[in-house]
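Under my numbering, residues 1 to 210 are what the sequence shown spells out, in order.
Calculated directly from the structure, the hints in this document are not laboratory data.
Any given hint could be a false lead.
What the hints assert, rightly or not - No more than 25 Å apart at the CA atoms, straight line, and that leaves these computed lysine-lysine pairs for BS3-like:
#, residue 1, residue 2
1, Lys35, Lys4
2, Lys35, Lys22
3, Lys130, Lys82
4, Lys130, Lys35
5, Lys44, Lys27
6, Lys170, Lys210
7, Lys193, Lys126
8, Lys44, Lys193
9, Lys170, Lys130
10, Lys44, Lys22
11, Lys193, Lys170
12, Lys74, Lys27
13, Lys130, Lys27
14, Lys35, Lys74
15, Lys44, Lys74
16, Lys195, Lys4
17, Lys4, Lys170
18, Lys82, Lys44
19, Lys4, Lys193
20, Lys210, Lys126
21, Lys27, Lys4
22, Lys126, Lys27
23, Lys210, Lys195
24, Lys44, Lys170
25, Lys4, Lys82
26, Lys35, Lys195
27, Lys22, Lys82
28, Lys82, Lys27
29, Lys195, Lys44
30, Lys4, Lys74
Claimed, not checked - Here are the simulated distance ranges between beta carbons:
#, residue 1, residue 2, range
31, Pro155, Tyr197, 43 to 53 Å
32, Val40, Lys4, 36 to 46 Å
33, Asp88, Glu41, 20 to 30 Å
34, His100, Ser122, 40 to 50 Å
35, Leu209, Leu86, 27 to 37 Å
36, Leu209, Tyr23, 36 to 46 Å
37, Gly101, Glu41, 40 to 50 Å
38, Lys210, Gly59, 44 to 54 Å
Note that the Cβ used here is the ideal one computed from N, Cα and C, for glycine as well.
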Amino acid sequence: MRYKNVIFDMDGVLIDNSEGIKYCVRKAISELGLKELSDVELTKFIGPALMYSLREYAGATDEQSEQGYIIYRKYYLEQGIKMYRLYDGVRETLAELNAHGVRCSVSSGKPIECVNIILRDSDTAKYFEKAAGSVKAKKYSSKDAQMREAVLERPAVMVGDRVFDLEAAKNADVDCIYARYGFGDESDTAVYKPKFYIDSPREILDIVLK
Numbered sequence: 001m002r003y004k005n006v007i008f009d010m011d012g013v014l015i016d017n018s019e020g021i022k023y024c025v026r027k028a029i030s031e032l033g034l035k036e037l038s039d040v041e042l043t044k045f046i047g048p049a050l051m052y053s054l055r056e057y058a059g060a061t062d063e064q065s066e067q068g069y070i071i072y073r074k075y076y077l078e079q080g081i082k083m084y085r086l087y088d089g090v091r092e093t094l095a096e097l098n099a100h101g102v103r104c105s106v107s108s109g110k111p112i113e114c115v116n117i118i119l120r121d122s123d124t125a126k127y128f129e130k131a132a133g134s135v136k137a138k139k140y141s142s143k144d145a146q147m148r149e150a151v152l153e154r155p156a157v158m159v160g161d162r163v164f165d166l167e168a169a170k171n172a173d174v175d176c177i178y179a180r181y182g183f184g185d186e187s188d189t190a191v192y193k194p195k196f197y198i199d200s201p202r203e204i205l206d207i208v209l210k
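Start from the sequences and build out the full structure, keeping to the hints where you can.
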């Protein structure tokens, strides 16, 4: 066995929540009176902290980004949180990792209450010893705190799809598996190079259990 602990990002790795996130971002941008964004531009909101994304991708001021977070959160808890699907092979991969004694955890930029709701409703909470998420709105997108909390045992590896995952793994001295099937731009890997690349969740097994 190569790794004793696998740390999963949520959006773009465990679940495709793009429909729900884009729906809520559109609502927030509209109510803030900001310029409408294309579908490609909205994809950039999947992963980073919302307040960071509103400033970076929608041109919001600090004050607007704080108000946007409140608007987004309202729509997300009402409807957006339900608009997701598990990626094919995720449930089987988690079950097999557990069966081999691999400890699984989650490191997500989502609010921890949302992480727990999705794990519960998707019936995947049973596979994870620990779930780490944000506890308050963040102005900047860093997953260092969640990564530190999610490391249960070493050697460990992080499965992520955005540059923020790669950076957090590096800062925690943890290897990283880059999920090409997620929402990242592979150019992100130029600076923070992952150790492995995968095109489906099932490929995690070959890497971890080798």
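Practice prompt. List, from low to high, the hint numbers that the structure doesn't satisfy.
Written response: Checked against the structure, the hints that fail are numbers 1, 4, 7, 13, 21, 22, 25, 26, 30, 31, 34, 35, while the rest are satisfied.
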